[in-house]
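Trainee: So the protein lines, in turn, are chains S and A.
Take 1 as the starting number for the first sequence in the numbering used here and just add one per residue.
Take 1 as the starting number for the second sequence in the numbering used here and just add one per residue.
For the record, the hints were derived by calculation from the structure and aren't laboratory data.
Do not take every clue at face value.
Unchecked claim - Lysine-lysine pairs mimicking DSSO-like chemistry, simulated, CA-CA at most 30 Å apart:
no. : chain 1 : residue 1 : chain 2 : residue 2
1   : S       : K57       : A       : K70
2   : A       : K56       : A       : K67
3   : A       : K42       : S       : K57
4   : A       : K2        : A       : K67
5   : A       : K42       : A       : K2
6   : S       : K15       : S       : K57
7   : A       : K42       : S       : K17
8   : A       : K42       : S       : K15
9   : S       : K11       : A       : K42
10  : S       : K57       : A       : K56
11  : A       : K2        : A       : K56
12  : S       : K11       : S       : K57
13  : A       : K2        : A       : K70
Spelled out from the first residue to the last, the chains are:
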Amino acid sequence: GAGVSQSPSNKVTEKGKDVELRCDPISGHTALYWYRQSLGQGLEFLIYFQGNSAPDKSGLPSDRFSAERTGGSVSTLTIQRTQQEDSAVYLCASSLDGGSNQPQHFGDGTRLSIL
Amino acid sequence: QKEVEQDPGPLSVPEGAIVSLNCTYSNSAFQYFMWYRQYSRKGPELLMYTYSSGNKEDGRFTAQVDKSSKYISLFIRDSQPSDSATYLCAMSAFSGNQFYFGTGTSLTVIP
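Could you put the whole structure together from the sequences, leaning on the hints where they help?
Mentor: Listed below in structure tokens is the structure:
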């Protein structure tokens, strides 16, 4: 497809388990963002990748969260030892080159529920 | 103080009404302004993108930016039930990679 693709669309897991969320950005887009969206909250920035530059990890809430982007394309967000407060929708977005004048295009997100 | 403030609503209007959605912001460095529409269980979809002050029109949608007042608006004319969604504003400065989002306004258009 032409848009940002995220998988799985839904994930239910038990507290303490690790989860991996995947994002496939729009072809040709070098910038990739991860956000978290909780009910009634705005989009919380997590991490930003641009090309081969070091990622901006300033939004990651704890060391249980990590992300990588292999080959400058697909990205995986990993949450270790999940907690109930990690329950949220995790959104991925991509843009052409990460410039502040380049609007972001979002996937439909992964809805994560921690039991 | 949050960088971007947006009234969460909910807002409920009859079909055909003109809808006005608004955001205020505090950072005078913001230059790029966006409106996204988000349907339930979907990701935000880019609706409008404007640079600096002024108006931009696209079909039934008009985006307006007033930088002197640090205030942006999205107008929807002849609103339709299919416009029922959450609308998020977003903005960014001339440099850097950070985008700042409002919390979204929930809109329902009643047939």
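Trainee: Now tell me, hint by hint, if it's right for this structure.
Mentor: Hint by hint, here is what the structure shows:
As the CA atoms of K57 of chain S and K70 of chain A are separated by approximately 29 Å, the hinted pair is consistent with the 30 Å bound. Of the supplied pair hints, the one linking K56 of chain A and K67 of chain A holds, its CA atoms being roughly 14 Å apart against a limit of 30 Å. With a CA separation close to 25 Å, the supplied pair K42 of chain A and K57 of chain S stays within the 30 Å bound. Of the supplied pair hints, the one linking K2 of chain A and K67 of chain A holds, its CA atoms being roughly 17 Å apart against a limit of 30 Å.
The hinted pair formed by K42 of chain A and K2 of chain A meets the criterion: a straight-line CA distance of about 25 Å does not exceed 30 Å. The hinted pair formed by K15 of chain S and K57 of chain S meets the criterion: a straight-line CA distance of about 24 Å does not exceed 30 Å. Between K42 of chain A and K17 of chain S the alpha-carbon distance is near 26 Å, which keeps this suggested pair within the 30 Å criterion. Annotation: proposed proximity of K42 of chain A to K15 of chain S holds, straight-line Cα distance about 25 Å (limit 30 Å).
This hinted pair checks out: K11 of chain S and K42 of chain A have alpha carbons roughly 15 Å apart, not beyond 30 Å. For the hint pairing K57 of chain S with K56 of chain A, the CA-to-CA distance comes to about 34 Å; that exceeds 30 Å, so the pair is violated. Proposed proximity of K2 of chain A and K56 of chain A is supported: the alpha carbons are some 26 Å apart, at most 30 Å. Between the alpha carbons of K11 of chain S and K57 of chain S the distance comes to roughly 23 Å, so the proposed pair stays at or under 30 Å and holds.
For the given pair, K2 of chain A sits about 13 Å from K70 of chain A by alpha-carbon distance, which is consistent with the 30 Å threshold.
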